[in-house]
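Visitor: Start from chain A and add chain B according to the hints.
Single-letter residue listing:
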Amino acid sequence: MSGPRYNRTRRQDQRLVAFECQSCDYVSFPDEKRTCKRCGDAPATFEEVQLAERGEIQTFVVQEYLPDDIEVPQPLAIVDLPQADGSGESARVYGLLTETELEELSVGTEVVARFRELFDDGERPINSFKFSVPREVKR
Amino acid sequence: MTDAHVVGSGIVDFGEKYEWSFDDLLEGAYLDLVESVDHGINPTADIDAIWYGTLDIANEGSSGAAVAHATGLFEKPATQIVNACATGSDAFRNAVQAVKAGDIEVALVIGAEKMLDSTEGLIGGAALERLWRGRGVTMPAFFGMRATRHMEQYDTTREQIAEVSVKNHENGTKYPHAHQQFECSVDDVMESATVSYPLNLYDCCPVTDGACAVLVTNDERSREFTDAPVRVAGYGFSTDSFMRGDDLALTNFPASRQASSMAYERSGYGPDDVDVAEVHDCFSITELITYEDLGFCEQGEAGAFIDEGIPHLDGEKPVNPSGGLLSKGHPIGATGVAQIAEIFEQLRGDAGDVQVPDAEVGLQHNIGIGRNATGAVSCVNVLER
Numbered sequence: 001m002s003g004p005r006y007n008r009t010r011r012q013d014q015r016l017v018a019f020e021c022q023s024c025d026y027v028s029f030p031d032e033k034r035t036c037k038r039c040g041d042a043p044a045t046f047e048e049v050q051l052a053e054r055g056e057i058q059t060f061v062v063q064e065y066l067p068d069d070i071e072v073p074q075p076l077a078i079v080d081l082p083q084a085d086g087s088g089e090s091a092r093v094y095g096l097l098t099e100t101e102l103e104e105l106s107v108g109t110e111v112v113a114r115f116r117e118l119f120d121d122g123e124r125p126i127n128s129f130k131f132s133v134p135r136e137v138k139r
Numbered sequence: 001m002t003d004a005h006v007v008g009s010g011i012v013d014f015g016e017k018y019e020w021s022f023d024d025l026l027e028g029a030y031l032d033l034v035e036s037v038d039h040g041i042n043p044t045a046d047i048d049a050i051w052y053g054t055l056d057i058a059n060e061g062s063s064g065a066a067v068a069h070a071t072g073l074f075e076k077p078a079t080q081i082v083n084a085c086a087t088g089s090d091a092f093r094n095a096v097q098a099v100k101a102g103d104i105e106v107a108l109v110i111g112a113e114k115m116l117d118s119t120e121g122l123i124g125g126a127a128l129e130r131l132w133r134g135r136g137v138t139m140p141a142f143f144g145m146r147a148t149r150h151m152e153q154y155d156t157t158r159e160q161i162a163e164v165s166v167k168n169h170e171n172g173t174k175y176p177h178a179h180q181q182f183e184c185s186v187d188d189v190m191e192s193a194t195v196s197y198p199l200n201l202y203d204c205c206p207v208t209d210g211a212c213a214v215l216v217t218n219d220e221r222s223r224e225f226t227d228a229p230v231r232v233a234g235y236g237f238s239t240d241s242f243m244r245g246d247d248l249a250l251t252n253f254p255a256s257r258q259a260s261s262m263a264y265e266r267s268g269y270g271p272d273d274v275d276v277a278e279v280h281d282c283f284s285i286t287e288l289i290t291y292e293d294l295g296f297c298e299q300g301e302a303g304a305f306i307d308e309g310i311p312h313l314d315g316e317k318p319v320n321p322s323g324g325l326l327s328k329g330h331p332i333g334a335t336g337v338a339q340i341a342e343i344f345e346q347l348r349g350d351a352g353d354v355q356v357p358d359a360e361v362g363l364q365h366n367i368g369i370g371r372n373a374t375g376a377v378s379c380v381n382v383l384e385r
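Going line by line, the protein sequences match chains A and B.
For what it's worth, the UniProt record's numbering labels the leading residue of the first sequence as 1, then goes sequentially.
For what it's worth, the UniProt record's numbering labels the leading residue of the second sequence as 1, then goes sequentially.
Quick caveat, the hints were computed from the structure, so don't treat them as lab data.
Glycine included, every Cβ here is placed at the ideal spot set by N, Cα and C.
Here are some, though not all, of the chain B residues that point toward chain A, as calculated from beta-carbon distances under 10 Å:
1) P140
2) A141
3) F142
4) F143
5) G144
6) M145
7) A147
8) M151
9) Q153
10) A193
11) Y197
12) T251
Okay, chain A solo, but in the shape it has when bound (with noise of 0.2 Å):
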């Protein structure tokens, strides 16, 4: 793990900002690049977008076999973050889980994104966001 990629996409990864392409509406999220990962366009032109920090899981797993560095089981999603505004598309982010049990998880539950040390660094903590099943959506 490195620092400087890492700090790459921290103002993204820390406050959820995302990209929108102007030409197919696609949602980029952590990247803003010149090019439009879904259409193509070349040049893109993208636009900032805030992202809520509430979504919806698209699929999961719970994996069980990790390095040493990582906490296991360790649940991970696939999750639609809409926008902030509500307006148009979401975007699709992969996110590690805050303590969760397998029971919680399914296709559609809604999490929320909460700001979390990710890993450590040796040296330093990674700070990001991790996914959380709210209170008021836990069995």
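Guide: For chain B alone, kept in the frame of chain A given last:
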């Protein structure tokens, strides 16, 4: 333009080959190939060029010169191909294109991988070094996410997914070069350790060393080497990304659909014409989804397809008679080449205990992950006798 034909193949038994060096693997597959050619070959005189598939996980140095050294085939163009888990297939495709173009008459395609020298590195890299997007996503997680969604969207059962592993392990016991030679039941799969829910240990291919080689040549030279060449009828290769915001991509591999469409179009054959297939089953769910991507059944019907026994060795459309990656193993650079070698044997009637009767058209399919995108590359080749 000439056609390209496969006229020989060689393989070393896949498995834990810790005592074998990279050169040993390459030498083994190469010598087996040289000995396999029906009418004989003078390799230093006959072979014009070499395509070498390896991801070089063991960090042996990136160059086609590795094959030159291991085989003694010097003073020839030797190119290393790297294309994720489809590396071996892409090495083959590049050789086929050069032969068809008339630039090369006889090409050696060889793939090798020493997976066991650096397993930790592979998993660690996938999990840790992709914070920018992957956030701790390993290979079983990438494919497992498709399993979760396929079960949700199409009522595919966990048992149907496990059946793929049962079938392929049964085939593997009959295939002499397979890494894992044991049978297992649906219960065995379901009760094996959870790797990444919903996938268990027996849903995952083993970590395997291996090497494989095939010889590709043109119309004119093919009969010099054998009376029974196998023609490359069509090929397709495509790329994609999981991150394209495509809903469908949660349950299929768009690149496989594109690559197979290309291969079907070029060959003039469709999915119904395929008598035998070797497909990429790095995980049990991968093969299930691939039935749909290749058009063997409709989207969402893969569970029923295997329930009905269609892809079994004695079924209507046998898939992975060699035991697939699940039983045979997945030494990345060698995998696609070994699939071609198996189809070559099948179409010549040389496949021994896993022979599919009267196979005339065979399909090979190989996908790979690149940069955190499941199925980001896909290669499909259609061969005919």
